[in-house]
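**Q** So the sequences go chain by chain: D and F. Using the numbering used here, you'd call the opening residue of the first sequence number 470 and step up by one each time. Using the numbering used here, you'd call the opening residue of the second sequence number 3 and step up by one each time.
Be a bit skeptical, because a hint or two may be false.
[Claimed, not checked] With a Cα cut of at most 20 angstroms, we get these calculated EDC-like pairs of lysine to aspartate or glutamate:
| hint | chain 1 | residue 1 | chain 2 | residue 2 |
| --- | --- | --- | --- | --- |
| 1 | F | K172 | F | D247 |
| 2 | F | K631 | D | E637 |
| 3 | F | K631 | F | D587 |
| 4 | F | K631 | F | D84 |
| 5 | F | K172 | F | D84 |
| 6 | F | K631 | F | E568 |
| 7 | F | K631 | D | D499 |
| 8 | F | K631 | D | E579 |
| 9 | F | K631 | F | E565 |
What the hints contain is simulated information worked out from the structure, not anything from laboratory work.
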Amino acid sequence: MGVAQAGAGDVSAPARPAEPLTIDVSVLPDAAFGHRGLTWWATVAFMAIEASTLLACLGALVYLRTNTTQWPPAPYAPPDVAPFAANVVLLLGKLWPFGRAEAAAKRLDEAGVRRWMLIGTLWGLVCVVLRGFELAALDVRWDDDAYGSAVWAVSVAHTSLLVTDLLESAAITAIFFLTHPQPRHFSDVEDSALYERFLSISWAVLAAALVLAPRLP
Amino acid sequence: MTAVAEAPADAGATRAPTERERLERTWADPPGLWGWLTTVDHKRIAARYVVTAFVFFALGGIDALVMRTQLAVPEGRVVDPDRYAQLFTVHGTNMMFLFAVPVMLAVGLYMVPLMVGARNVAFPRLNALGYWAYLAGGTLLWASLLLNTGPDQGWFSYVPLALSEYSPGKRVDVWAQMITFTEISGLISAVEIVVTVLKCRAPGMTLARMPIFVWAMFVTAMMVLPSLAVIATASQMLAMDRLVDTHFFDVDRGGDAILWQHLFWWFGHPEVYIVFLPGTGFVSAVLPAFTRRQVFGYPAVVMATIATGFLGFGVWVHHMFVSGVLHQAGSFFTAASVLITIPTAVQIFCWIATIWTGRPRFGVPFLFVLGFFATFIVGGLTGVMLASIPLDQQVHDSYFVVAHLHYVLLGGGVFPLFAAVYYWFPKWTGRMLGERLGKAHFWLWFVGVQLTFFPMHLLGLAGMPRRVYTYLDGLGWNGLNATATVGAWVLALSVAAFAFNVVHALRRGARADADPWGADTLEWATPSPPPPYNFERPPVVQGRAALWSRTPDAPVVVGLSTERREILVTTAYDAEPDHRHRDPDPSIWPFVTALSVSVFFVALMFTPWAVVSGSALLLPPLLAWGWPKRERAT
Ligand code: HEM
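Kindly produce the complete structure, drawing on both the sequences and the hints.
**A** What follows is the structure, given as structure tokens:
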């Protein structure tokens, strides 16, 4: 690319000094997908922040476990597996509509984005409802003891992300239904698909720590 | 496709002014208060951060002055023990969370876009939100001190002291929420810096050509992400232990007090580097202009900066050597703590080589750099001493540690910061700071720091514990304490000289042209102060020293809209032009959102139900913020 050459400092310019060469960027696109765009990087940065938060909660849980021989400490039993398994499956499944929405966004297919974002958002709503059952299945209160505090910290930290994410996908969906979306909104769809992956996979890890780890011998 | 083309021959006289006028109009803020509240200009916001941070610095200094006056003589009666506890806690908390970290990030928010040739930070509105959150957090802390509800449990808020049982009332909650505010702000600043550095560099500024200062800010911002996120989480755990009876740190119910120490120092030690790395960046920015050569050993300095960033996360346990950490773990952390001195030493040797082989000019910024060497090296040496466990066990919680931490923070942070202020003040304001007053400021500061803090080493070795509101006569501590207090007043005088210099320069300082120091980085290619759009035509970079290597026919970027705010996004590694990005207009929503957040957090000190009402309060401004406005047709 001509621009790249100028950038690399080896401009073989016709030597008429003091007259600046110009790089005309008006021909460049005015939006870009994926890692080319700014919001993708912001999404990654916020994922790093949130991953640190979740790991801090998980770290607290693991650390507290080293204080007791029995985990969970008496009289508690490990949380029921069923709601957690169901929601992990559901959350991973949610990646499918979001993947479709992402593909539609890349084609700038408005109708496709509307359809799949709507499905993804409703799907997300089901996950949030199911999260209520998961919290109930913890079967300990946050103020019972440190074990209760730690499992609630892990769950609430992830739940707050889940709820904000639901609101965000609802907002993007609304923008596609109610306004004339601009190019950057298509790349927002792609970034939100990336974020969904983070949310779903992080819950698979955290849920395993909550329900499977205590069952390990 | 883009193309390199020659500008039309008549590009000069007739067209340029109108292009500039159009840029002026597009990038101008609305006038008056409304413009002040809605601005998204990184320079205005960063300047606000810097001024606010210096106000907090002055307040923290007054606080320290009261403490030192109390300690001037044995059994002093200036303040009572309860007030003294609030004073040292608010001083430490303020200096770390409201001064040192924010001021460094703020200078980054101002300078990084200019130094990489960008028109704004990557997310201007988010940036505005960050400032308002910071202001709210700082106001909360200082208002609480005035209301006699200032935190009093020490700046690291150790449990169990910080739990409700031993600290009833709201003092600790103020601390925890102040943390949340400032960490939101710090995290936002870090995201801004990371993305601006990666995606908004001028064409030609490959990573290998980035100014060292930009590297330092980039690594700092990368360190902020995992560390500030964790302290924000930890402070919420502490708040929840106090508010809704969770038991994270409550030993009676299976919690663990050492858990708090791990979480705190996981953040706390990297925080020291979050203050120090920008300091190294300032030094590397100032030196070329004052030695007439590029910094010696660019690759070594950059690699050392990155290495420090990683190692900074490996040493947190050295703050906890007396808390019974495992023996082997102790040795590991001693080794890591000694290891981290290596990259720092590499940088220091590179700077010395720069000065040695350059033609030094003893301007005020350069004097502060020399003061940095002298002071920081002492702090570094006491640091190596403290990394050894047997010694640490003797002087832990004594004034030796107070001496060490001030030598490191003032040496590694404040000296370079003053260098940076003298260096960039002309760029920020279009005026030069006075040279003579500057020298007075420097010498008073240098002497004051040694007078105040050197005796504290000896006091610590003589057994004086930190955080005591007074001491008895006859312990052999009187003379050293009196000296430290005199030193504190010298420091006050020095800061007064600085403040006077700033006010005087703003009124009638000498005018500065675009590049008063003959420096090498891009910020000096814009007028002083820079216009809202920074560069009329974004530059193209041809070498590491962007200005010194620029040829007369150096290319510039054209083709960005002048009718709407548009910036150029480039590729992360090679900085090749990639696409144009619509930069947001001024907006009131960041301010309104920050107001809602503030109400939310303050309410959360009193009731958990604030989560519900707070979310309800936050939704409308966030929605208004994100909802697309109809574009002006272009
Ligand atoms: C400007 C001159 C300064 C003076 C005269 C001063 C003086 C003091 C004094 C007297 C204490 C209390 C010691 C005790 O009772 O244990 C203290 C503590 C502290 N200072 Fe400073 N200080 C200054 C600047 C700074 C700066 C710039 C920073 C950080 C960037 C800082 C960070 C701290 C911290 C973290 C503590 C510990 C607070 C605690 O024990 O909880 N100080 N300082």
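**Q** Does the structure keep F/K631 and F/D587 at a Cα separation of 20 angstroms or less?
**A** holds, 10 angstroms
**Q** Check the hint pairing F/K631 with F/D84 against an upper bound of 20 angstroms on the C-alpha distance.
**A** violated, 54 angstroms
**Q** For the pair we were handed, F/K631 and D/E637, check the Cα-Cα distance against 20 angstroms.
**A** holds, 17 angstroms
**Q** For the pair supplied as a hint, F/K631 and F/E568, is the alpha-carbon distance within the 20 angstroms limit?
**A** holds, 16 angstroms
**Q** Run the distance test for F/K631 versus D/E579: straight-line Cα separation, threshold 20 angstroms.
**A** holds, 18 angstroms
**Q** Tell me if the straight-line CA distance from F/K631 to F/E565 falls inside 20 angstroms.
**A** holds, 16 angstroms
**Q** Within 20 angstroms, alpha carbon to alpha carbon, are F/K172 and F/D84?
**A** Distance ~15 angstroms between F/K172 and F/D84 Cα, so the pair holds.
**Q** Holds or violated: F/K172 with F/D247, Cα cutoff 20 angstroms?
**A** holds, 15 angstroms
**Q** Need the status of pair F/K631, D/D499: alpha-carbon distance at most 20 angstroms?
**A** holds, 17 angstroms
The structure shown violates just one earlier hint, number 4.
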